[in-house]
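Each residue of the sequence shown is one higher than the last, beginning at 0 in numbering that gives the first Met the number 0.
No lab work stands behind these hints, which were simulated from the structure alone. Please note that the accuracy of each hint is not assured.
Pairwise CB distance ranges (calculated) [claimed, not checked]:
# : residue 1 : residue 2 : range
1 : Gly83     : Glu227    : 44 to 52 Å
2 : Gly83     : Leu35     : 43 to 51 Å
3 : Leu137    : Thr64     : 30 to 38 Å
4 : Ala7      : Lys201    : 56 to 64 Å
5 : Asn126    : Asp151    : 21 to 29 Å
6 : Gly21     : Trp129    : 36 to 44 Å
7 : Pro168    : Thr37     : 48 to 56 Å
Keep in mind the model is a prediction, meaning the values are calculated, not measured. We put the CB at the ideal spot given by N, CA and C, even for glycine.
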Amino acid sequence: MPEISQAAAELIEQFVGCMLYGIYLVTFGIAERRLLTTDSGRWRRRSEIRWVMLVVSILLFVNATVDISVATITLLDAFVFYTGPGGDAHIFSHGSGWQTMTKTFCVPFQSLLGDSVLIYRCYWLWNKSWAVIALPLLIWFTNVALAMRIMDVLSQMSTGAVLSTGIAPWFEAFWSVTISINIITTSLIVFRIWMLERQNKKFRAQFALTTSPTHSHPLSLAMRNIIESGMIYTFASILQLAFHSVQNNMLYIVSALEMHSVGITFNLIIIRGAQISHQAQNTEVTLSLPVQFAENQTTGTTQSISRRAEGDESGVFVFTQIEKDSPGVTTVSV
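With the hints as constraints, model all of the structure from the sequences given.
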């Protein structure tokens with residue numbers, strides 16, 4: 000694999016980072032609108048705001064902005080302001096310098112935030128089961144410890160930056176664990192949605208319900224949304240691991256992809272999830288079929304049978320419900 004100089008890699012990283020940051024800003028604005036306003040354009044009340052998603056989105060934005068700002072300052076120091084011995088190499092290879100420390104902190108922190116959201120979505124979708132997320136959560140805490148170790152080792156280095164052989168094994172361990180978390184949690188989420196979709200198919204078949212052939216079922220769309228976003232994030236992590244393993248300066252460029260892919264995929268899940276939820280609310284099938292109703296033994300009232308597959312607070316996972324509109328007529332909202 001051809002080797003490029005660190006200075007060239009840093010310049011290309013900034014170029015790639017700026018392009019991806021622009022894409023991220025666009026998706027961030029749309030996602031924040033989804034989180035803070037309703038479909039009608041009304042600002043959500045405090046009780047309606049999904050605070051976990053909102054706080055995480057803001058943290059991702061602040062971290063990505065700090066990273067690209069520090070990268071710009073570093074380039075200015077290396078090529079404009081610094082005139083001492085060693086030239087730009089002195090700035091780029093100063094391991095314990097505040098610029099290197101900050102940039103090195105930002106990328107793992109962004110990854111840890113992204114992984115925590117995946118685990119949270121998995122926890123919510125599996126009916127808040129701690130048993131399901133026990134392994135991913137344990138691995139995540141291991142990754143937190145690895146990130147702290149990386150920062151500790153880097154703070155003791157005067158030269159060598161992130162390509163030093165003394166710190167490379169810790170980076171390799173960190174990205175290996177990140178990939179594991181991503182694969183495990185994404186698989187659990189997709190498996191859960193697949194189970195719900197299979198149950199819904201049996202349910203619709205039981206009542207001879209059909210949806211429009213021109214529209215995919217919302218749960219299928221949600222599953223595809225999660226898979227596509229997970230693939231982007233996992234691919235970036237694999238590239239990080241590969242270039243750290245071969246000690247190639249291309250890892251600086253890949254770090255820009257890793258940094259912004261987390262925020263972009265997070266925003267896309269919110270945006271597309273809101274669209275799926277909106278489609279689900281507008282998809283109705285009305286038919287005349289006898290439906291069994293359960294009588295409440297305590298009150299003697301009649302209640303409709305409903306099936307619900309709850310999702311996370313981002314609106315990605317929707318539900319199916321059956322309600323009786325009039326005698327002999329059932330409306331199914333997907």
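The hints, checked one at a time:
no.: 1; hint: Gly83 - Glu227: 44 to 52 Å; result: holds (48 Å)
no.: 2; hint: Gly83 - Leu35: 43 to 51 Å; result: holds (48 Å)
no.: 3; hint: Leu137 - Thr64: 30 to 38 Å; result: holds (31 Å)
no.: 4; hint: Ala7 - Lys201: 56 to 64 Å; result: holds (58 Å)
no.: 5; hint: Asn126 - Asp151: 21 to 29 Å; result: violated (39 Å)
no.: 6; hint: Gly21 - Trp129: 36 to 44 Å; result: holds (39 Å)
no.: 7; hint: Pro168 - Thr37: 48 to 56 Å; result: holds (49 Å)
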